[in-house]
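Listed below are the residues making up each chain.
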Amino acid sequence: MDFNDTPEQAAYRAEVRAWLGANAEPRKDRPSVNRRLDAEEGLKLAKAWQARKADAGYACRHWPVAHGGQDRPMIETIIYDQEEANFDVPTGFFSIGLGMCGPVMAQYATQEQQARFIPPLIRGEEVWCQLFSEPAAGSDVAGLRTRCHRDGDDWVVNGQKVWTSGAHYSDWGILVARHDSSLPKHKGLTFFFIDMKSPGIDIKPIKQINGGSNFNEVFFTNVRVPDSQRLGAIGEGWQVAITTLMNERLAVGDAPPPDFREVMKLAAACELDGRPALEDSSVREKIADWYVESMGMKHTKARTMTALSQGKVPGPENSIGKVVSAPKLQSVSSFGADLMDMGGVITDPSLMPSDALFQQSFLYSPGLRIAGGTDEILRNIIAERVLGLPGEIRVDRDVPYSDIPTGN
Amino acid sequence: MNFDFSDAQKALKQQTRDFLRAACDTTVPRRVLEDTDEPFARDLWQQVCANESPGIAIPEEYGGIGFGYLELCVVAEEMGRAIAPVPFSSSVYLAAEAILQGGSEEQKGRLLPRLASGESIGTFAVSEGPGQATVANLQATLRDGRVSGTKMPVPDGDVADLCVVVARDGEGASLAVVDLAAEGVSREPVDTLDPSRSHARITFDGAEAELLGEAGQGWAVKDAVFDRAAVLFAMEQLGGADACLQMAIGYAKGRYAFGRPIGSFQAIKHKLADMYIKNELARANCYYGAWALSTDAAELPVAAAAARVAATQAFHFASKENIQTHGGIGFTWESDCHLYYRRSKLLALSIGSERVWKDRLISGLERQEAA
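Just so you know, the protein sequences line up as chains A and B, in that order. Taking our numbering, the leading residue of the first sequence gets 1, the next gets one more, and so forth. Taking our numbering, the leading residue of the second sequence gets 1001, the next gets one more, and so forth.
Note that these hints are calculated values from the structure, not bench results. Ideal placement from N, C-alpha and C gives every residue a C-beta, glycine not left out. Some hints here could point you the wrong way.
As the list claims (entries may be wrong) - Derived pair list, reagent style DSS-like, types lysine-lysine, alpha-carbon separation capped at 27 Å:
hint, chain 1, residue 1, chain 2, residue 2
1, A, Lys312, B, Lys1320
2, A, Lys47, B, Lys1320
3, B, Lys1253, A, Lys298
4, B, Lys1320, B, Lys1271
Unchecked claim - Simulated restraints, written as ranges between beta carbons of each label pair:
hint, chain 1, residue 1, chain 2, residue 2, range
5, B, Asp1179, A, Asn4, 58 to 68 Å
6, B, Asp1007, A, Glu376, 35 to 45 Å
7, A, Pro120, B, Gly1250, 45 to 55 Å
8, A, Ile242, B, Asp1007, 26 to 36 Å
Stated by the list, open to error - A few chain B residues that don't get close to chain A, going by computed Cβ distances all over 12 Å:
hint, residue
9, Asp1004
10, Gln1009
11, Arg1030
12, Ser1104
13, Glu1105
14, Ser1120
15, Gly1172
16, Asp1191
17, Ser1264
18, Asn1279
19, Ser1294
20, Ala1306
21, Gly1327
22, Leu1365
The shape of chain B in the complex, shown without the other chains (with noise of 0.2 Å):
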């Protein structure tokens, strides 16, 4: 039993939290958050690239540093916990996953290296607008290697260089790698609670697209990628609500009422004990995900769906009672308590809402059950 990150990935971490903490204090996801012509923080984003951050978990011989999953979890946590107003999600763990899941050989070789420095950022388009998208109401159709469609919201979508697209595709559903440069895309932001990550609607109309994987059978590699993507957009939540704790913790020991700081009322203590209690089963939970991911563990289903829910949970609970915990002062433009609060909705919402996680965490047991 080893239940512990090694020595070098725990490098790694405090590698990472430290450049991240000088590169990314919460002014800067407050400045893309408030500059409407800033869609994401490039000086930022680039020190990352510098850094081979999104090649972290790529393999070598597509262009990546071939490290493996639980190096690209670390920096997953560390992400989360900096609010980082950078396209990393969307590129690494949805599109360059996508082409690793979904892709031949001559995919990977092409595509993937520019992922893997940042030159081009990726994202993965599937939702058409509220409510869950399913390959029974997919509008979006893929026909004779060209796509048609609305795709909303997509992470990403009005910076990015390629989007894997979800299409209905005869029957089923295909995965197509479509250029977002090429002719017929037309792209906008769309305002969403989190406008520290831009997000866009993309309309697809005939835009050619290169088909990933078989046809019609682009919905399980979505599942398949979706899985592991749950287990990285997991560990950015623990870290999201590890800062929410830590910031709750800072002001609570500093700020007094009735003559005493108010973290000696018992009112606050056990909140925050709360979420302290969240965070170390979702932390519990993160880090069996990522175990099941780095080893591609038959167990990587019901693993993943577990750290979603998890973390889902406890960043959902962190951000909002470290608002309760500030008080007024919590509810203001200022403060930054918004900007986690903002975040934990859009990551709960990312790859899917926790009702469609505990679900599939059901059928998963279901399955295990049967087997």
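With the rest of the complex left out, here is chain A (with noise of 0.2 Å):
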């Protein structure tokens, strides 16, 4: 058991804090450059980002060379995401396009789409969103409505998407729809990427609870796809979807800050009975469990970093991440708003500690608990995938999609 990085690790660790250091601002208390900025202003940034992030090499590295990478070891890649989770900068809009469609590309795209498609994504220059959920199918997703049939050399779509993020600024995204209602639900899927600037696609964005738009409505009306875009075989959809989404859920990992080290900070300055709070036993407690939650993803992360450096597939426990710092983030900017007592119901940033961080993630994180897998879809696949327990008795499984009960 060792916590350093090899010599070759710590050298090239060294060397991506250096070019950080050299490109970009570290990380201070306050939200992030992604949270102060609206879209389109953070988008530019982003993509200057990026680029300069692939110009030097430090894009993608991990994937092989034929794909626009470096076919580096996948340490290399976590070295840098650690290295550039100490600085602010713009992150977030390519992770749908990096973590999902890059790969579903890879695998399943021709030659000359993945030659023309990658590299474009990898260096931000296009920028890519996910067509899956829609009003009806949200965690049972393979309910989708979303038809598509065949039109000579075309497939035309019609219905509706939703939470579908960045897509008011996508290029690009990648979509499921169903070609078949008389199939089984699971069999009557088709996978395509389309063009999101096509005619006939209407965008919407969701205001949510925290008064953000980071998600939209997406409409289709008539849309047309040429058949070459298809990916995967026609009913083939939802193992390609299946694919995609165990990328999500690597993709769609740590909460953002506050954590321990901000309410530890906060209990420090504020007072409770004329008192630093932090005095307080109760504070003190709650402070250790989320501490303990906090390192226990850490060091879980070391463990897969382990069996990455070690050439090993990781195991299931990365699929605790999400569900348990989802539910952190939310008690502790709750307990952060209680800390500051009558005055925490306050959200203007310049009146308040941290830039009012605590009362944008009380409103931002009931969101985090359901994006890419509810609290409760993740326990079932912990329950099902890694404890072996039976899966749920499916009343719409072998039966014709359109023969299955809707509801609301």
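The task is to assemble the complex, starting from two chains supplied on their own in separate frames and drawing on the hints.
Structure below.
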């Protein structure tokens, strides 16, 4: 057991750290650049940053050379990400493209398509989004209703997607649609990538409870998609989607701050009964709980990293990430507001500790418990795939999709 | 980065698990639990000693085999998994550690070989009854090489040969080794939540005591010993928590209700997923604590407290929800569920409650912050 990098890893880390030091600002105790800027301005910065990163050889290093990477060990990508997390850089715009769309293109697109689409994806020149969820297909995404039918060399798509991050600034998207309602639900799906500027696509931002709009509704009215943009066979859409969703669970990793550090700092500064709140045993107990969860996640990642650096496939321990970090974010931010007592309701950043980070997170965190697999779905996955418990009884699996009751 | 045990350590773990599976299935802790005349499983203890497990981390010059603490950690996890009814933790994590941390070369050379071989059983006495023991409220005193006062519960105090006692000494506290066969020592078993591990009330009445370390400086040594023991107790708790999860999974797959395995209901799935999550968080914290213990890292106090808190929570949760998963049968004496439930509470309080360890954790973070 040894927490030090190997000499090669240490050298790489030093190189990365030096490059980041010369090219980016260290992270500060305030909302990150991602939260401070609106999407348009943020995207401009993020594209510039991604290009700079790609030029320096730090983007997608672990991807095969043929897919625009450098075929370097995954551990180097992890080291880069760890170091980058200490800097306030615009991220997030490409996580779906790089985490989900890139890998699915690499697996299912033709050589020509890969050559056309993957390099601009890596450089951040083109942004991608993912069109899976629907109003009637959230956790049960295979129940989706968006239809597609063949018309000559094209497919024609009609329906509605929802919770599409970045649809309004995306150039391309990956889409699952139903080509045959008479088949059982998992069998009637087909997968495409589409031009988000196609005629018939109508994008409406969703206003979230925190006032922000990170997601959209996307409406399809007779949108034509060339059959050459189909990924996988007709009817194989679910298998392709599953590959993508697996990648999503790795991509939607950690919750952003605040964590125990920020609460501890806050508790040292706030008074409770005339003493620093940090001296109060109930406060100390709470912070200890979050510390243990936070370090548990950190060291679990270290176990994953060890497996990767030994050339092994990481075990299922990774699956606990979001189900721990998202509820933690919610309770940390709620408790932070409590520590400010009556003043804790104020959201004006200029008046509040940490630029109202706790208040912002209070409103933002419920979404994190839902996005990329709800707490409940993730527990099902742990129970079934990790612990080997029997699957749900499925009343909708082997019947024609059109016969499944729909409700609201 | 290599956050994993070595192949040799993994082999030792597997070997220990296989040995305990054969020598200590749940009938063994149950036997000790039910038999008031058998304070610990003597036959099992003899085998544990024959395997040289007590001396695993004790240096060779003091009669141990000097492997190291990572090796002791993997053994501890397996002892916890087997809820082994032997005085391993008292003798190895507490008494031997106290002598290693506080003793002179002469004392180490004289006392440790007996503990390493298992020829003697050691224990450690700080608590004097309900309520947290502090330097300020200690009643037992050490004066002119003699100790007086009452300690309870002393783990394995009814069967141990020597005891490291924490006693008031002037303004501070001292550690002193007492031969429990000596004059002025009387002891009787006390009933506890987990009778598969015996505890005693020991009364010292001017019993001869040998100072361990500097007079009046014993409390800091006790804290250092507890930091180290916290990692080892946490490893035991982790093993116990995993045993509960496996037991609950097995039952949930095989028990049918409403025409299907109860493990197919989300209410059960989510409960077991939560057990798994807590266990994994505890495992990660325990491994880090094991690393800190094995390298005497500056992070040890915080790492040990985090391991202790996480493992206490995990074992408590797993042992109670294991009963819940079993339903009515889990509340019966004949079911093994209560063996773990009892042990989880025993271990949770053995070297101080979760609340105390959380406070130590935050104090450690404050010190790091200030440094």
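Status of each hint after checking the structure:
1. A distance of roughly 35 Å separates the Cα atoms of Lys312 of chain A and Lys1320 of chain B; the hinted pair therefore is violated under the 27 Å criterion.
2. For the hint linking Lys47 of chain A to Lys1320 of chain B, the alpha-carbon distance of about 52 Å lies beyond 27 Å, and the restraint is violated.
3. Restraint check: the Cα-Cα separation between Lys1253 of chain B and Lys298 of chain A comes to about 32 Å, which exceeds 27 Å; the hinted pair is violated.
4. This hinted pair checks out: Lys1320 of chain B and Lys1271 of chain B have alpha carbons roughly 11 Å apart, not beyond 27 Å.
5. Between Asp1179 of chain B and Asn4 of chain A, the C-beta spacing of about 45 Å breaks the proposed range 58 to 68 Å.
6. Distance hint check for Asp1007 of chain B and Glu376 of chain A: the Cβ-Cβ separation is about 39 Å, which falls inside the suggested range of 35 to 45 Å.
7. Remark: the range hint 45 to 55 Å for Pro120 of chain A to Gly1250 of chain B is upheld by a beta-carbon distance near 52 Å.
8. The hinted window of 26 to 36 Å between Ile242 of chain A and Asp1007 of chain B holds, with their beta carbons roughly 35 Å apart.
9. With a least beta-carbon separation of about 5 Å from chain A, Asp1004 of chain B fails to lie farther than 12 Å from that chain, contradicting its non-interface assignment.
10. Gln1009 of chain B, annotated as away from the interface, has a beta carbon of chain A within 12 Å; the closest lies near 8 Å.
11. For Arg1030 of chain B, the requirement that its beta carbon stay farther than 12 Å from each beta carbon of chain A is met, with the minimum near 26 Å.
12. The claim that Ser1104 of chain B lies off the interface holds: its Cβ sits roughly 31 Å from the closest Cβ of chain A, which is beyond the 12 Å cut-off.
13. The beta carbon of Glu1105 of chain B sits about 29 Å from the closest Cβ of chain A, which is more than 12 Å, so the claim that it is off the interface holds.
14. Every CB of chain A lies more than 12 Å from the CB of Ser1120 of chain B, the least distance being 31 Å, so the non-interface label holds.
15. No beta-carbon of chain A comes within 12 Å of the beta-carbon of Gly1172 of chain B; the shortest separation is about 24 Å.
16. Once the 12 Å rule is applied to beta carbons, Asp1191 of chain B is consistent with being away from chain A; the minimum gap is 30 Å.
17. At roughly 4 Å from the closest C-beta of chain A, the C-beta of Ser1264 of chain B falls inside 12 Å, breaking its exclusion from the interface.
18. Interface exclusion of Asn1279 of chain B from chain A breaks down, the closest Cβ pair being 10 Å apart, not more than 12 Å.
19. Under the 12 Å C-beta cut-off, the non-interface status given to Ser1294 of chain B relative to chain A is violated; the minimum distance is some 7 Å.
20. Here Ala1306 of chain B does not stay apart from chain A, with its beta-carbon only about 5 Å from theirs, under the 12 Å limit.
21. Listed as outside the interface, Gly1327 of chain B is consistent with that label: its C-beta sits roughly 16 Å from the nearest C-beta of chain A, beyond the 12 Å cut-off.
22. At roughly 7 Å, the least C-beta separation between Leu1365 of chain B and chain A is not larger than 12 Å, which violates its mark as non-interface.
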